[in-house]
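Student: Position 41 (the sequence shown) corresponds to 91 in the working numbering; numbering is contiguous.
Treat the hints loosely; a few may be bogus.
[As the list claims (entries may be wrong)] With beta-carbon atoms standing in for the labels, derived distance ranges:
no.	residue 1	residue 2	range
1	L55	G86	14 to 20 Å
2	V172	N94	14 to 20 Å
3	A175	V144	21 to 27 Å
4	G127	P82	22 to 28 Å
5	W151	D102	29 to 35 Å
6	I53	T111	16 to 22 Å
7	P105	Q166	18 to 24 Å
8	I53	P143	36 to 42 Å
9	P107	H57	20 to 26 Å
10	A147	H112	15 to 21 Å
11	P143	P105	27 to 33 Å
12	V144	D64	21 to 27 Å
What the hints contain is simulated information worked out from the structure, not anything from laboratory work.
Even for Gly, the Cβ is constructed at its ideal location relative to N, Cα and C.
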Amino acid sequence: MAIELDHLIIPARDKIAAAQLLAELLDVRWSPTGTGPFAPVFVNNGLTIDFDTWPEPIPLTHYCFRVSQSEFDAILGRIAAKGIPYRSSVFGPVDNAVGKWNDGSIVYWNEPDGHQWEILTVSYAR
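Build the full structure now, drawing on both the sequences and the hints.
Tutor: Written as structure tokens, this is what we have:
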């Protein structure tokens, strides 16, 4: 069997709000309850992101999703519709612009707990 990532646990101040926001942006299913204390977001058939309420300070992390161009456009539309500031480069200023990388699209945003999210259409890690 190939090694596959099954789930991640993401610390949050409010696991329900964090899970709901990500699920709405990605347009995927989620639940306010799951196994253990988690609020799961079902990204796809092989990956669940479990949000868990943690005390301060919340350790900040970075998460990236590779998506098709049509999925990218739809997710970006939902980000913009919610008024979430986004940027075209990982450490750049908020410019509400799409970055270009290897003939693909890329965008970054931060959610309320400070975690950095990224969507891209062409992986730069491979």
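Student: Could you run down the list of hints and mark each one as holding or not?
Tutor: Consistency of the hints with the structure:
no. : hint                       : in the structure
1   : L55 with G86: 14 to 20 Å   : 18 Å, holds
2   : V172 with N94: 14 to 20 Å  : 19 Å, holds
3   : A175 with V144: 21 to 27 Å : 24 Å, holds
4   : G127 with P82: 22 to 28 Å  : 25 Å, holds
5   : W151 with D102: 29 to 35 Å : 32 Å, holds
6   : I53 with T111: 16 to 22 Å  : 21 Å, holds
7   : P105 with Q166: 18 to 24 Å : 21 Å, holds
8   : I53 with P143: 36 to 42 Å  : 37 Å, holds
9   : P107 with H57: 20 to 26 Å  : 23 Å, holds
10  : A147 with H112: 15 to 21 Å : 19 Å, holds
11  : P143 with P105: 27 to 33 Å : 31 Å, holds
12  : V144 with D64: 21 to 27 Å  : 23 Å, holds
Checked against the numbered hints listed earlier, the structure breaks none of them; every hint is satisfied.
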